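S.K.: The listed protein sequences correspond, in order, to chains G and E.
To convert, count from 1 in the first sequence and add 767; that's this note's numbering.
To convert, count from 1 in the second sequence and add 767; that's this note's numbering.
Note that these hints are calculated values from the structure, not bench results.
This structure is a prediction, so every number in the text was calculated from the model and none was measured.
We put the beta carbon where it would ideally sit given N, CA and C, even for glycine.
A few of these clues could be false.
[Claimed, not checked] Short, incomplete list of chain G residues facing chain E, as computed with Cβ under 7 Å:
(1) Ile918
(2) Val1022
(3) Gly1036
(4) Leu1038
Number of protein chains: 2
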Amino acid sequence: MKVLVDAFGGDNAPLEIIKGSLLALEEHKDLIIELFGDEDIIKKVLAEVIEESKSNKFFSNKKIDRDELCSRILISDAKEVISCDEAPVVAVKTKKDSSLVKAVDKLKNDEESVGLVSAGSTGAVLTAGFLKLGRIRGIKRPALAPALPTINGKQVLVIDCGANMDCDEYNLLQFAQMGNAYMKIVLGVENPRIALLSVGVEDAKGNELTKKVFALLKESNLNFVGNMEARDALSGDYDVIVCDGFAGNVLIKSVEGTAQLLMSVMKKGFLKNLKTKVGAVLLKGAIKDMKSMLDYHSFGGSPFLGAKKLIIKSHGSSKAKSIHASINQVVTFTENKLIENIEKAIAVEDDND
Amino acid sequence: MKVLVDAFGGDNAPLEIIKGSLLALEEHKDLIIELFGDEDIIKKVLAEVIEESKSNKFFSNKKIDRDELCSRILISDAKEVISCDEAPVVAVKTKKDSSLVKAVDKLKNDEESVGLVSAGSTGAVLTAGFLKLGRIRGIKRPALAPALPTINGKQVLVIDCGANMDCDEYNLLQFAQMGNAYMKIVLGVENPRIALLSVGVEDAKGNELTKKVFALLKESNLNFVGNMEARDALSGDYDVIVCDGFAGNVLIKSVEGTAQLLMSVMKKGFLKNLKTKVGAVLLKGAIKDMKSMLDYHSFGGSPFLGAKKLIIKSHGSSKAKSIHASINQVVTFTENKLIENIEKAIAVEDDND
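For reference, chain G alone in the conformation it holds in the complex (with noise of 0.2 Å):
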C-alpha cells in the first residue's frame, strides 16, 4: 500500500513529518511512503534521523533493519511550498512545482497511490483536493471532518470543519450521510446518532439553514436524534455533529482553544509556590490522564470526506506522533473501504429518493 506524504506541510515540516513517516513505515511491514519535497533536504532530515536513532530510542524495535525500512521511501522532488498566508486558488494553480500539488497531482494518476497526508494549509490542502482530485459520484460538496475526544472515552466526528463556508441544506444532508459511513465503518457504530449543531435541543431552534437540514434528516433512513448545542459536543451523546463549515470551524476551535486555556492557567497555578508545586507532583497522572484526553491530535488528523480519493489533512502543528497517527488512518480507512462504503451509502439514499 503506497501512502503519500506532503514532506513540506506545517510548522514543523520537514523533520517531524519524516519522523511520523518513518514511525508509520516501522509499524506497517507493507507501506511504501512517498515523500513530496526538496529532495536533497529530505535525504539529508532522513540520514539524520536514522543516523541518531541508533542511539536513542525513536524507534521501538531496536533491531529494526533500518535500511529495509529506507527502501520502502520514494522521494518526489518538489521545489515550491505553499504557505498559510497564500490565497488558496491562486497558489493551487500556479505552485505547480510544490509539495502539495505534486502529492495530490499524483494521488489522482497513480492507480496504487491510496491516500495524501498532508500538514499544509488547510484551505490549500481542501482546495487542491477539490480542484484535482475530485468527488465520490453523488457527493456535491466534500467536508472536513476530524474526531474529537468524548468525555466517555469515544469519539464523535464533527462534519464539517471548515471546507464549506456557505452550504445549503442538501449539502449537510450528505455530511450526515458520510458521517455515518464513517461512524459505521471506521469506529463500528452500529447505529450512529446523527445530530444537527443549533443553539437549543428544542426542534424550532436554529437559523434559516439549520430548520430545513432539520426537516430533512428527520425524513431520512439516518438515526437523527435532533438538535444539539455546542456546551454538549464532547457529551458522548452523539456520534456525528453536523453542520456548515463556519459553525463547525469555530466549535472545534473554541473547544481546542478553551482546552489549550485552561492547561496553561493550570499550569501557572501549579508552579506558583513549592506547596503547588508538591501537589502538581502528587497530581502527576491525573494531569497527564487530562492532557491525553483532551490530545485529539493522537486520533490523527480531519479526513476530506467525500473526495475520490483518501485525504487527511492533520494539524498544523503536527508532530511525528499525529503524523504518525494520520498516515494510519489513511492505512485503515483503505483496508475497511471507507471510500467505496460512502460511495454505496449516498448511492442507496438517492435510490430511496
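Place chain E on chain G using the hints.
M.R.: Chain E only, in chain G's frame:
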C-alpha cells in the same frame, strides 16, 4: 432607581432570585426592586430568607435594618410562568399574566423603571423585549452581548450570542458599534479592538456574510483589527468579537461546555486515590483561582443591547450571586447612561454616512 426582576425565571426561581435581589438591595441604598411572580409564594419565600438571615451570614452587614430593606421591595402578582420548552412568540403573546410579560409591560410603561433582570427562557426574554419594548432609534436588531473573562484578567464582549439567527452585514456593523460603545462606556476601554469572528485571521477568510461585514468594518471609524479565530476568543487580544447570533451562540456554549467538562475530568482525577486527594488539597488555591476565572456568571448576565431600556438576561442556572451581579449591571449601565450613549454612537455613524 427602580429595577424590575422576574422572580419566576430560571432553574432556581424564586428562591435564588429573591436572595440575589436582597443582596443588591443591601449594596445599593437607593435601589427599589419590583419582583414579578406569584405574590403569595414570593411573600412566603421572602419571609423565610429574612428569618434565616438572622442566624446565618447572608448579609454582609449583620446589623442591617431588614424592615427598611423589605420596604424597598414591591411585588407585582403574576400567576403564569413561561418555561424554556415553550415557543417564545406564542408564549409572550398568550401568557399575559406571566411574570416575564408583566415585567416587560411595566418596564415599557413606567418611567421610573430603568431595567429588567430575568433568568428565564432566553427566547422569551428576547422576544418580549423585541416585540414590546422597542429598539433604540436607528438600531435594526438588538443583540445579546455577554462578556467573557480573558486570560489577562479583562473581559471580551461577544455580540451577538443568540438574539439574531440570520443577519445581514449591516446588522453586524451595528453590533460592532454597540459593542464599541459598551466597552468604552462600561469598561472604560479607550479604543476598543473590534474583531470579526471568522475561520482564520487572514483578510480573505470567512463566509459570504463575514466577507461583506469585513468590508464595512474596514471602512468604518471603529478600531477594526480584522478577522479572528474562535480559539483566540479568550486571549485578551480583542475587546469586542462581532458575529451573527448563531455563530456567537456556538462560540460561547463551546467555551462554557469545554470548561465545565475539563473541570469535571479534573475533579474525577483528583479524587482517584489518597495521593491525588492530598495533591488536590495542596492545590486548592490554584484550583479556586481557575474556577473563579471561568465563573463568568459572576460578571452578571448578558445585556440585550439595542433595546430601548436595559434588559439583562441572567443565566438559566443563576444563583443569588449572578442575580445580584445582573442587578448591579442595570445600576451601573444606568449610571453610565449606556442607552443614551449607544443612541449617540449610532446617530454619529449615521451622520458620517
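S.K.: Look at each hint and say if it fits the structure.
M.R.: Against the structure, the hints:
no., hint, in the structure
1, Ile918, "holds, 6 Å"
2, Val1022, "holds, 5 Å"
3, Gly1036, "holds, 3 Å"
4, Leu1038, "violated, 9 Å"
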